[in-house]
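2 protein chains.
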Amino acid sequence: MSEFVHVAVDAMGGDNAPSEIVKGSVNALNSCPNLKVTFTGKEELVKAELEKLKYPADRVQILNCTEVIAMAEPPVDAIRTKKDSSIVKGLRLVKDGECDAFVTAGSTGAALAGGQLLVGRIKGIERPPLAPLMPTAKGPVLLIDCGANMDPRPSMLLQFAQMGSIYMRNMTGVEKPRVGLVNVGTEEEKGNELAKQAHQLLKDCPDINFVGNIEAREIPEGAVDVAVTDAFTGNAILKMYEGVAKVILHELKGALMSSFVSKIGALMIKPALKGMIKTFDASEYGGAPMLGLKGLVVKAHGNSKEAEIEHALEQCITFKEKQINELFRSEMKLDELASARRAKKNTEE
Amino acid sequence: MSEFVHVAVDAMGGDNAPSEIVKGSVNALNSCPNLKVTFTGKEELVKAELEKLKYPADRVQILNCTEVIAMAEPPVDAIRTKKDSSIVKGLRLVKDGECDAFVTAGSTGAALAGGQLLVGRIKGIERPPLAPLMPTAKGPVLLIDCGANMDPRPSMLLQFAQMGSIYMRNMTGVEKPRVGLVNVGTEEEKGNELAKQAHQLLKDCPDINFVGNIEAREIPEGAVDVAVTDAFTGNAILKMYEGVAKVILHELKGALMSSFVSKIGALMIKPALKGMIKTFDASEYGGAPMLGLKGLVVKAHGNSKEAEIEHALEQCITFKEKQINELFRSEMKLDELASARRAKKNTEE
Chain E
61 MSEFVHVAVD
71 AMGGDNAPSE
81 IVKGSVNALN
91 SCPNLKVTFT
101 GKEELVKAEL
111 EKLKYPADRV
121 QILNCTEVIA
131 MAEPPVDAIR
141 TKKDSSIVKG
151 LRLVKDGECD
161 AFVTAGSTGA
171 ALAGGQLLVG
181 RIKGIERPPL
191 APLMPTAKGP
201 VLLIDCGANM
211 DPRPSMLLQF
221 AQMGSIYMRN
231 MTGVEKPRVG
241 LVNVGTEEEK
251 GNELAKQAHQ
261 LLKDCPDINF
271 VGNIEAREIP
281 EGAVDVAVTD
291 AFTGNAILKM
301 YEGVAKVILH
311 ELKGALMSSF
321 VSKIGALMIK
331 PALKGMIKTF
341 DASEYGGAPM
351 LGLKGLVVKA
361 HGNSKEAEIE
371 HALEQCITFK
381 EKQINELFRS
391 EMKLDELASA
401 RRAKKNTEE
Chain L
61 MSEFVHVAVD
71 AMGGDNAPSE
81 IVKGSVNALN
91 SCPNLKVTFT
101 GKEELVKAEL
111 EKLKYPADRV
121 QILNCTEVIA
131 MAEPPVDAIR
141 TKKDSSIVKG
151 LRLVKDGECD
161 AFVTAGSTGA
171 ALAGGQLLVG
181 RIKGIERPPL
191 APLMPTAKGP
201 VLLIDCGANM
211 DPRPSMLLQF
221 AQMGSIYMRN
231 MTGVEKPRVG
241 LVNVGTEEEK
251 GNELAKQAHQ
261 LLKDCPDINF
271 VGNIEAREIP
281 EGAVDVAVTD
291 AFTGNAILKM
301 YEGVAKVILH
311 ELKGALMSSF
321 VSKIGALMIK
331 PALKGMIKTF
341 DASEYGGAPM
351 LGLKGLVVKA
361 HGNSKEAEIE
371 HALEQCITFK
381 EKQINELFRS
391 EMKLDELASA
401 RRAKKNTEE
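Respectively, the protein sequence lines represent chains E and L.
The first sequence lines up with residues 61 to 409 when you count with the numbering used here.
The second sequence lines up with residues 61 to 409 when you count with the numbering used here.
Worth flagging that the hints you see were computed from the coordinates, not collected in a lab.
Among the clues, some could well be false.
Where chains are identical, the list cannot tell them apart; a pair therefore holds if satisfied intra-copy or between any two copies.
Pairs of lysine-lysine residues, derived as DSS-like cross-links and limited to a Cα-Cα distance of at most 30 Å, are as follows [to be verified]:
{"#": "1", "residue 1": "Lys382", "residue 2": "Lys143"}
{"#": "2", "residue 1": "Lys114", "residue 2": "Lys405"}
{"#": "3", "residue 1": "Lys354", "residue 2": "Lys102"}
{"#": "4", "residue 1": "Lys102", "residue 2": "Lys382"}
{"#": "5", "residue 1": "Lys250", "residue 2": "Lys354"}
{"#": "6", "residue 1": "Lys313", "residue 2": "Lys114"}
{"#": "7", "residue 1": "Lys306", "residue 2": "Lys354"}
{"#": "8", "residue 1": "Lys393", "residue 2": "Lys107"}
{"#": "9", "residue 1": "Lys183", "residue 2": "Lys313"}
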């Protein structure tokens, strides 16, 4: 590929900004010759970090921002008022076509609100979902939606399934991604109203490999490649994943340190444990893409270290090279969908 | 207590019926002198199991049933047509006041539907929730609702919070149970419509110790005693709990068996691991109560062994001795609530 992929990176977002953000970006720059990065953030801070590292200066820019959006700020207000913040300026670079993607480890709410308000949806997409990759016993699963749409319509879940399917096929190389609808049981008449209606739409869609309803317990087992749900349930699933794993590993550590014999045993199993913990390391996947926007926005974990940022940037490169947004447009027939919706609206008026 | 607690037990329900069901019940009978049990199920099968054991024959009855409701049967149909099944006959014993409670490890759907249709709600209760106790790092948490109400109204979540609070205070002795509303963030304006409206109701209720919104990750950490949510989200939380724990322990086992050294290490940490796994053993709690019925229905896990059935029966004894249903009526002012609702309905007509 000779074409450059130009990514805006929020140098101020997350617990380890700017140091780990800049380090991870420089690693990606050094390993990907077609990557360009524009850091948004306080110029002197970014410069100070860059000076510690070896990096290709001709592919790095800094866009100075005087403001930072804090994690707890009301997202929509923050996006509207803090026009000189690293998130707003980064998203604007994508909107204006100067950058292909934006990566942030900052406020999820601001990234989501800003993605919709500033970057904007692809015509025909009802709502852009946030879709993290979660580790499972059999490789990653895309959990879609996980933060953007709290009370979605069934038709939105259909689009999530389609986008998730295209994303996984192209980004991870799974030929026919198995799509499951998160529900309380496998029978199609089960669930709340949303799940019942969405089930019918997914069943009737010829473009996806719909395997039916799945129970949440099947997600960590790796039963599907794409798990479709509303953002409220998706958030609970993601948080339970993190919470249960954390508590079990904490208790395990406590158990291992509880006696002299168990301490010796712990030393002996350490290498095996490390391998296991790596299987469940979400930072490998480089953050959650927000799909269906005119450009890509990637939300990395708030506690991201350099590795996750590097992988987030690699994700942006693959996303552009595989032309995922063009595939959304053509495979989901988004232009026709938008025209049909416009026509329907005109008739109603 | 001189008064007997009379419990109907579904001898046919679950993967290990009737053997483990009968064994667990006999253990409870032998340790609790004020317990009476009526087994519902195939008489000759129950008799054969009883003959293997030492039990107080004067406190045991068998109600012969010719039918069994299978796990996969549509619940409402099954309840309506299989009148001679162990579940229908057990629930009828509670409805008719012959038994105080019914314990089953059989079909959750049939138990839920039958609880509502046959036993019936306490006047003033909008909907009876299913509320399993889940193990956490700091003792059990009551997850309410987890199976009964897929699209609840906000006012139902308020009643779940009140019932959960009374249950935990009396059953586990926590003086002021901390009640949390499951949501995507701690700020009160967060969440879907249901969560936003429920938050206001919970905040304004003086009878509960409402600690605000909690994220799902805080549940396994033991941040609250009562976690309030709709059944769809509750089900996802419960299933993720089981699924993640199962996958991690499976991977851990694989890691421990991966080399000679790790195998030796595994032997050395085995006692410590066993203690840890016991911390997360849900069978200690004896199944999930369905609250707000004119009597108690307890749904034990489908794979229950004797210990869980024994604990389920102990739960029924405490529930009656502590007069939980009477506390629901008085503390939640259910009679006034029912009258007010009737008056409102009359005015509207």
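Evaluated hints:
{"no.": "1", "hint": "Lys382 <-> Lys143", "in the structure": "neither (32 Å within a copy, 60 Å between copies)"}
{"no.": "2", "hint": "Lys114 <-> Lys405", "in the structure": "neither (56 Å within a copy, 75 Å between copies)"}
{"no.": "3", "hint": "Lys354 <-> Lys102", "in the structure": "within (26 Å within a copy, 65 Å between copies)"}
{"no.": "4", "hint": "Lys102 <-> Lys382", "in the structure": "neither (33 Å within a copy, 63 Å between copies)"}
{"no.": "5", "hint": "Lys250 <-> Lys354", "in the structure": "between (36 Å within a copy, 26 Å between copies)"}
{"no.": "6", "hint": "Lys313 <-> Lys114", "in the structure": "neither (38 Å within a copy, 43 Å between copies)"}
{"no.": "7", "hint": "Lys306 <-> Lys354", "in the structure": "neither (36 Å within a copy, 40 Å between copies)"}
{"no.": "8", "hint": "Lys393 <-> Lys107", "in the structure": "neither (45 Å within a copy, 66 Å between copies)"}
{"no.": "9", "hint": "Lys183 <-> Lys313", "in the structure": "neither (50 Å within a copy, 49 Å between copies)"}
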